[in-house]
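Quick mapping for you: the protein sequence lines, in order, are chains A and B.
This note's numbering numbers the first residue of the first sequence as 1 and each following residue consecutively.
This note's numbering numbers the first residue of the second sequence as 1 and each following residue consecutively.
Any given hint could be a false lead.
Only some residues are given here: those of chain A computed to face chain B with a beta carbon under 7 Å [said to hold, decoys possible]:
#, residue
1, R32
2, L33
3, I260
These aren't lab readings, by the way, just hints derived from the structure by calculation.
For clarity, every value in this text was computed on a predicted model and none was experimentally measured.
Here a beta-carbon is modelled for each residue, glycine too, at the ideal position from N, C-alpha and C.
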Amino acid sequence: MPARAARFRLTQRMRRNATLIGLLLLPAIGLRLFTAVYPFFNTIWLSFHDWNPAFPPQQFVGLKNFQALTRDIAVTSSISFTILFVVVSTLLEIALGMAIALILNRAFFGRGAVRAVNLIPWAIPMVVAAVGFRWMYDTQYGIINDLLHRTIGVKVPWLVDFWGARAAVIATNVWKSTPFVGLVLLAALQGIPQDLYEAGRVDGTNRISAFFYITLPLIMPQIVTIGLFMVVWQLAAFDLVFAMTGGGPGFATQVLAYRIYQVAFMALNFGYASAISMVLFVVVGVASVIGLALFRKVEVSL
Amino acid sequence: MLTAAVLAFLFVVLFPFYWIVLSSFTPKYELFTIPPRYWFSNFTLENYQVLAESIPLARYFVNSLLFAAGSSVVSVAAAFLASYALARIQFRGANVVFIVFVMSLALPQVGGLVPLFELFKNTNLINTYHGLVMLMSSLVLPFTIWILVPFLRQIPYEIEEAAIIDGARLPQLFWFITLPIMRPALVTMLIINFIIAWNELIYPLVFATSGSNKTLSVGLVELAVQPTAGGGRPWDLLSAMSVVMIVPILVLVLFFQRLIVSGLTRGAVK
């Protein structure tokens, strides 16, 4: 039976059945409407209101919440650290992930086991990484300071220092997320046809020029895709900062997601928390638009 | 050169695990020595004992297990049905629905917490198992659909057409034909979603507030952020609890490494 006819008959039969389509889609659409779409639009609505759940009536206050957040140092510093955290993390993850992918793409004894190891940081809970590194970064008893002390004779007050804490949080995030980026880039490398490299060798490329003229342009779409994914995902990062620094010292490592949680569920200021959520939505939206534009550019240039 | 790079990579990835495991089997008083000890001395199980006495560890473990298993089954089931409609029945707008699903991946989870909390309070879903499973399955749904749709598109139509001609109705078609063919993809997504749910913090933290509903992740951060008398952290208990949380994940990774890698990379490479 010709494939095309089979496909036509099968889809024709079901396409007429709107009830069937509806029933199949219902659980998924229902879940998303209930837990993602409705909360999203309700957050927009709430951001123009004052609302403390202990004193029920919601009061319309116009732009008051938004005016307040421009003067709120906890919010402005969390915006700047969120952006710094995401940009630096993503760049490091792509650079180091590329290195991991190149290593794991070479043939060596025990490669299968090393690839399995590469999966572990992705698989473990972020809270475990946060707690484990917090212990290792301990100023007095931590292993990192001990190693630093033995090798170069200094001890850094990691999590109590403004830039020390920022560096520690970003380093922990990079440790946890880079192997995943490496995994995706390794799959991209494996998709490159080998004869391209042979053709390159005939034309006299060495390993380094082959990387820049063959490998990199070919996997650029995947690099941009995973970069966009990591940016959007890390903009909403919550667990790491919550379990590692609590946003401190001061507001040094405060991120938007954690600030929203604090304002909503510790200060019970639901309206204001929604206004901060709006900032997060806008940042995610802007990042997505830039990322998609970039993706289109590298895809077309191929 | 290559060997050195591999060894450096292994050291950076594995050392933190070594350190957590080592700490968890070291007596509390020896954790606070300068310089720290790099090898097992006075191996002890005491930290695990104290941990099990100070928090309802078994309860949390079972909660995490049920939460992760339930979310993974519900999300894959819902995603399978929707993906079937999106990939198989090319109804008008199927592509738009697919893109909207995938794009909803970008909605920040924490941004919807306030309305969700109010909604869950009004519908008596806070501290319920089904409430938590609904939230978590919904969270991983877009990614699951993203992976399953291209997989379904690869299945030849003739197989299903033949079954229909033989008189199979849709439930039978799913059960005897489509599900068996989809098995590797479905198992992969079950495992990946289980791991993601096992690791989840925000939803249990906000929506499972009573002691009997908390998960391991919530128990761990409570230990980590609670104020203590001396201001220090109970590293003995924290490292033991981290090990408890990691072991089931490690078992899954070791057994299903290939499947997990294929699932995680399929979306990006397509």
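Hints versus structure:
With a least beta-carbon distance of about 6 Å to chain B, the hint placing R32/A at the interface is held under the 7 Å criterion. The interface hint given for L33/A is broken, as the beta carbon of that residue sits about 9 Å from the closest beta carbon of chain B, more than 7 Å. With its C-beta approaching chain B no nearer than about 5 Å, I260/A sits inside the 7 Å limit, and its interface hint holds.
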